[in-house]
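Student: Letter by letter, the chains look like this.
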Amino acid sequence: MDEVVAEYIRRTVLKIPRDEIMGVLRKWGFLSETQLGAINFRQTKDSISQEVVQLCEENSADVKQAAILDIIYNNIYPNKRVWSVYQMKKTGEETDLFDFTNFKKKFKRRLQSALKNVTISFREYEDNAIWIRIAWGTPYTKPNQYKTSYVVYHSQTPYVFISVSVLKSNLPLLCQALVVASNYHDIREMELRSHCLNSLKDIVFKRYSQNFQTHYPKQEKNVATENVDVRIIQEDKSEKERIQRVNREVFGDGPQPKLEFAQYKLETMFKSDPKMDVLEKREPFRCLVKFSSPDLLESLKSLVPAGMADAPLSPLLTCIPQKARNYFKIRERKGVLPGSFVRP
Amino acid sequence: MEERKAYSRDGVLAHLEMLEAQAHELALKQEEKEQQEEKLAGLKARVQELRARRDELRAKLELQQKRLLEKGGAETHPEQPSARAVLEWKIKSVKALLQLFYLTGISGKLTKRGVCFCISTAYEGTYLESYYLDVLTKPEVQIQRHSVPIFIPLEQIAKKYLQTDIRRFLSVLSDHLNAYAARRYQADQLQERFSDRLEGTLQRNSLCNLLVFHYNVPSDGRSFLFTARLLYADPCCSLPTEAIISCTPDAPAALAEVAAAHSDAFRRAALHKAFDSFSKAEETQDEALISPPGSP
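Protein chains in written order, with the working numbering: chain A, 1 to 344; chain B, 1001 to 1296.
Everything labelled a hint here was simulated from the structure, so no lab data went into it. Just to be clear, a hint being listed does not mean it is correct.
[As the list claims (entries may be wrong)] Derived lysine-lysine pairs resembling DSBU-like cross-links, with alpha carbons at most 30 Å apart:
| hint | chain 1 | residue 1 | chain 2 | residue 2 |
| --- | --- | --- | --- | --- |
| 1 | A | Lys105 | A | Lys90 |
| 2 | A | Lys323 | B | Lys1159 |
| 3 | B | Lys1159 | A | Lys90 |
| 4 | A | Lys271 | A | Lys168 |
| 5 | B | Lys1112 | B | Lys1160 |
| 6 | A | Lys89 | A | Lys329 |
| 7 | B | Lys1138 | A | Lys323 |
| 8 | A | Lys323 | B | Lys1109 |
| 9 | B | Lys1138 | A | Lys329 |
| 10 | B | Lys1044 | A | Lys323 |
| 11 | A | Lys323 | B | Lys1160 |
| 12 | B | Lys1060 | B | Lys1044 |
| 13 | A | Lys301 | B | Lys1112 |
[Unchecked claim] Sample of chain B residues at the chain A side, in silico, Cβ under 7 Å:
| hint | residue |
| --- | --- |
| 14 | Cys1116 |
| 15 | Tyr1132 |
| 16 | Phe1151 |
| 17 | Gln1156 |
| 18 | Asn1205 |
| 19 | Leu1207 |
| 20 | Leu1210 |
| 21 | Leu1231 |
[Said to hold, decoys possible] Residues from chain A that face chain B, not an exhaustive set, calculated with beta carbons under 10 Å:
| hint | residue |
| --- | --- |
| 22 | His154 |
| 23 | Tyr159 |
| 24 | Ser163 |
Where a beta carbon is used, it is the ideal one built from N, C-alpha and C, also for glycine.
Let the hints inform the model, and build the full structure from the sequences given.
Tutor: Here it is as structure tokens:
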């Protein structure tokens, strides 16, 4: 077995938490049950990984199998990478009969015609998600298994999720191959980035909870009755209820998609008292406002009930899932009223 | 006498004035008294009136109670239904109407700025998912937000019909959604119920309009692998437009007929039903082999 492959497998196994190694190897399906049973999981991870490599040696693992192991690892732990969302456009209106085999063929052909030294691996999942792993080489060197990009694509949708760790120069090549393989004709990067892949999917596929008014009650939501001491009277009960209602209308009932930041690039004029004479020149005051949080939208949702902001919240904050973006450029509004607005 | 003498000292006119004032006062008092007596008399009369009415109603009530006891609680004459009963009946019938609309598949509710439509999908008596659309009516008809899956061509359908004919828009969208739900249901049923007959995984896509799978067909004691490739080119149809069945090269020529029959079956019936029919056909075939017709 190739030394490079052996080392690669060893390093991939090292990344997995000890308790989950068995599960991942099972999903991989390359080692037999007897082989898996032989592994001693009580030793250090270092030793476990060595054992796994030895077993792979017995089965003569090659680069392809190692690549699949890597895809499986990244599919189980996608939040270790930053994902960007790209949107594709097509002109035709015919129904797309997406054929996975055809897609793979076209993608490989297109990519390899431009750059021969690449390792391309595919894996299809139950939820119609197609994972593509590309290890990049150069026209003169073999593919470097540590320089990888990952693509997640759901068939018959215009959105692609790409995680490019290095070599951004290969991105146009990758985009082109995707467009050709999926029968679209154009692709552009959206202003939406996050570590949480599932949340990005939730936002663009509109899978997050939205409150739709219906006559037909779907599920009766049990309002949690708190154990409140009867002696405590809430003075502003009606105001609290109003806040809850407005919050629900804006954010919906369920959990919010998980984003880590929202960034607003301001290109607006600084407004000050003319007497203070802060800026002599009338030119835009460049400013970058960045909101960070482990779970940004949930924290925005709890701002008003916690009393830290007035309801309703600024639409610049609440429009994030609807507009499917968390990077904004705010320019001066040209019109009667002074102020700024969001330019998509 | 002495008083008169005293007053005549001030003047007769003054005395007269004083008398006049006294008389006026007395007259006022008299008037007041008369008014009060009138009032009292009036109130007394009212009391009498009310007492009479009360007695009347009491008598009525007793009579009715007697009647109820006699008839054993049955209604003798149609009673005026209470306002509450009428309201409850109204609510019940409206709820039933709404339930009816929901069951037809397309229902809606007026919202502050427009309408919220609910399209429910169903296939062969099983209710599947519901999808919602929030449509604004001002300044023009547009979709504010929705829960339609991303791979359904909603923008295309909206561009064609939303502005001009909203009924057609809903009908076309409902067709798309119902067909997609039906195809997905069939594919899921195939994977669940016939997993033992399938070899490998069922290859599908988001719209479930292209399915590729391999399945075993028994013949003469052996089992042959067939490959099925089903294409559903019509997005509003839940049956395939093309069903290409191929067998392995080493299969006997007779199986070509079986393949053709299967292709036909797939195009006519739902996926899982077609498989059901294969199983039945194979059973009868087996029975025919075990006891061929015409044998003693």
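Student: Next step is simple, just say for each hint if it's right about the structure.
Tutor: Results for each hint:
1. This hinted pair checks out: Lys105/A and Lys90/A have alpha carbons roughly 20 Å apart, not beyond 30 Å.
2. For the proposed pair Lys323/A and Lys1159/B, the alpha carbon gap of about 20 Å is at most 30 Å, so the pair holds.
3. Of the supplied pair hints, the one linking Lys1159/B and Lys90/A holds, its CA atoms being roughly 15 Å apart against a limit of 30 Å.
4. For the hint linking Lys271/A to Lys168/A, the alpha-carbon distance of about 39 Å lies beyond 30 Å, and the restraint is violated.
5. In summary, the hint linking Lys1112/B to Lys1160/B is supported, as the alpha carbons are separated by about 26 Å, within the 30 Å threshold.
6. Restraint check for Lys89/A and Lys329/A: the C-alpha separation of about 23 Å stays at or below 30 Å, so the hint holds.
7. As the CA atoms of Lys1138/B and Lys323/A are separated by approximately 20 Å, the hinted pair is consistent with the 30 Å bound.
8. Of the supplied pair hints, the one linking Lys323/A and Lys1109/B holds, its CA atoms being roughly 25 Å apart against a limit of 30 Å.
9. In summary, the hint linking Lys1138/B to Lys329/A is supported, as the alpha carbons are separated by about 28 Å, within the 30 Å threshold.
10. Proposed proximity of Lys1044/B and Lys323/A is contradicted: the alpha carbons are some 79 Å apart, above 30 Å.
11. As the CA atoms of Lys323/A and Lys1160/B are separated by approximately 24 Å, the hinted pair is consistent with the 30 Å bound.
12. Restraint check: the Cα-Cα separation between Lys1060/B and Lys1044/B comes to about 25 Å, which is no more than 30 Å; the hinted pair holds.
13. The straight-line distance between the Cα atoms of Lys301/A and Lys1112/B is roughly 23 Å, inside the 30 Å bound, and the hint therefore holds.
14. The restraint placing Cys1116/B at the interface with chain A holds, with a minimum CB-CB distance near 5 Å, inside the 7 Å limit.
15. A distance limit of 7 Å between C-beta atoms decides the matter here; for Tyr1132/B the minimum to chain A is near 4 Å, and the interface restraint holds.
16. Interface restraint check: Phe1151/B against chain A, minimum CB-CB distance 4 Å, threshold 7 Å, status holds.
17. Hint status for Gln1156/B relative to chain A: holds, with the closest Cβ pair at about 6 Å, below 7 Å.
18. Nearest Cβ of chain A to the Cβ of Asn1205/B: about 4 Å, under the 7 Å cut. The hint holds.
19. The restraint placing Leu1207/B at the interface with chain A holds, with a minimum CB-CB distance near 5 Å, inside the 7 Å limit.
20. With its C-beta approaching chain A no nearer than about 5 Å, Leu1210/B sits inside the 7 Å limit, and its interface hint holds.
21. The beta carbon of Leu1231/B comes within 6 Å of a beta carbon in chain A, closer than 7 Å, and the hint placing it at the interface holds.
22. For the restraint placing His154/A at the interface with chain B, the shortest Cβ-Cβ distance is roughly 6 Å, inside the 10 Å limit, so the hint holds.
23. Restraint check, Tyr159/A versus chain B: the minimum CB separation of about 7 Å is within 10 Å; hint holds.
24. Violation of the interface hint for Ser163/A is found here, the shortest Cβ-Cβ separation to chain B being roughly 20 Å, above the 10 Å cut-off.
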